[in-house]
Amino acid sequence: MTTVDQPLGAVRERVLARLRQDIVTGSLLPGDRLVERELAEHFGVSRVPVREAVRALVGEGFVTFESARRAVVRRLTRTDVAELFELREALEVYAAGLAAQRCTPGDLAGLADLLDVAAAATRSGDAERITDANTRFHDRILSLAGNGLLSSVMEPVEGRLRWLTRQNAEWPQLLAEHQELYEAVASGDRERARAASLSHVRTNYRSTVRHLFGE
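Residues 1 to 215 (the working numbering) make up the sequence shown, in order.
To be clear, the hints were calculated from the coordinates, so they are not data collected in a lab.
No residue lacks a Cβ here, since even glycine has one placed at the ideal position from N, Cα and C.
Incorrect hints may have been included.
As the list claims (entries may be wrong) - Between beta-carbon pairs, the in silico distance windows are:
hint: 1; residue 1: Arg102; residue 2: Ser67; range: 23 to 33 Å
hint: 2; residue 1: Ala120; residue 2: Leu29; range: 25 to 35 Å
hint: 3; residue 1: Arg69; residue 2: Leu8; range: 34 to 44 Å
hint: 4; residue 1: Gly110; residue 2: Arg37; range: 39 to 49 Å
hint: 5; residue 1: Leu198; residue 2: Pro7; range: 36 to 46 Å
hint: 6; residue 1: Leu29; residue 2: Pro156; range: 33 to 43 Å
hint: 7; residue 1: Asp32; residue 2: Pro172; range: 51 to 61 Å
hint: 8; residue 1: Leu8; residue 2: Glu191; range: 30 to 40 Å
hint: 9; residue 1: Val117; residue 2: Ser46; range: 31 to 41 Å
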């Protein structure tokens, strides 16, 4: 049951974060059922925070109700993937252009450090570390764009974008694209950065579709 020294909201957030992570990393697969009683026992909490966490995951697009009492991890459709990548194309390309205009030498050094982390993870073949490093790289470019509204628009779908990133197993190619994107941003050329970002998003889309649907 929920412990008295931890507020219900904090318990809910802990369960939510763990379930979201399990979905993103593939510990929970599309079609897997989320059973309140089993999850409550697993986390050592009451069913209330589990129920609220599952509802939050529905809102985030990770889970769907097949019936009133049957919640399962969502199966990504071609439409889901296409729509998410259309959003990436619109927002990330714009962010890359702004980042090229606004970033400082210190900003670029931080971005280069993230590339080094991604390169080390790619050499090791650790999918979770690769996904984390690549997500942080994109998050940093979004931050360097210096547009708070842009960041707030991206926030509701960041988890699903991370989920999609995890589906792309062509890690060396992904690293090479990120290196090209870094160089384009570092050049200070807005249009070059936009072009590199657009190419990256579209290549990543094709790779993800191949992985998920075999085409």
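The hints, checked one at a time:
1. Arg102 with Ser67: 23 to 33 Å: Hint violated: Cβ distance 49 Å, outside 23 to 33 Å.
2. Ala120 with Leu29: 25 to 35 Å: holds, 28 Å
3. Arg69 with Leu8: 34 to 44 Å: Given range 34 to 44 Å: violated, Cβ gap about 22 Å.
4. Gly110 with Arg37: 39 to 49 Å: holds, 45 Å
5. Leu198 with Pro7: 36 to 46 Å: Given a distance of about 45 Å, which is inside 36 to 46 Å, the answer is holds.
6. Leu29 with Pro156: 33 to 43 Å: Since Leu29 and Pro156 have Cβ atoms about 23 Å apart, the given range 33 to 43 Å is violated.
7. Asp32 with Pro172: 51 to 61 Å: Given about 30 Å between the Cβ atoms, the range is violated.
8. Leu8 with Glu191: 30 to 40 Å: violated, 50 Å
9. Val117 with Ser46: 31 to 41 Å: holds, 39 Å
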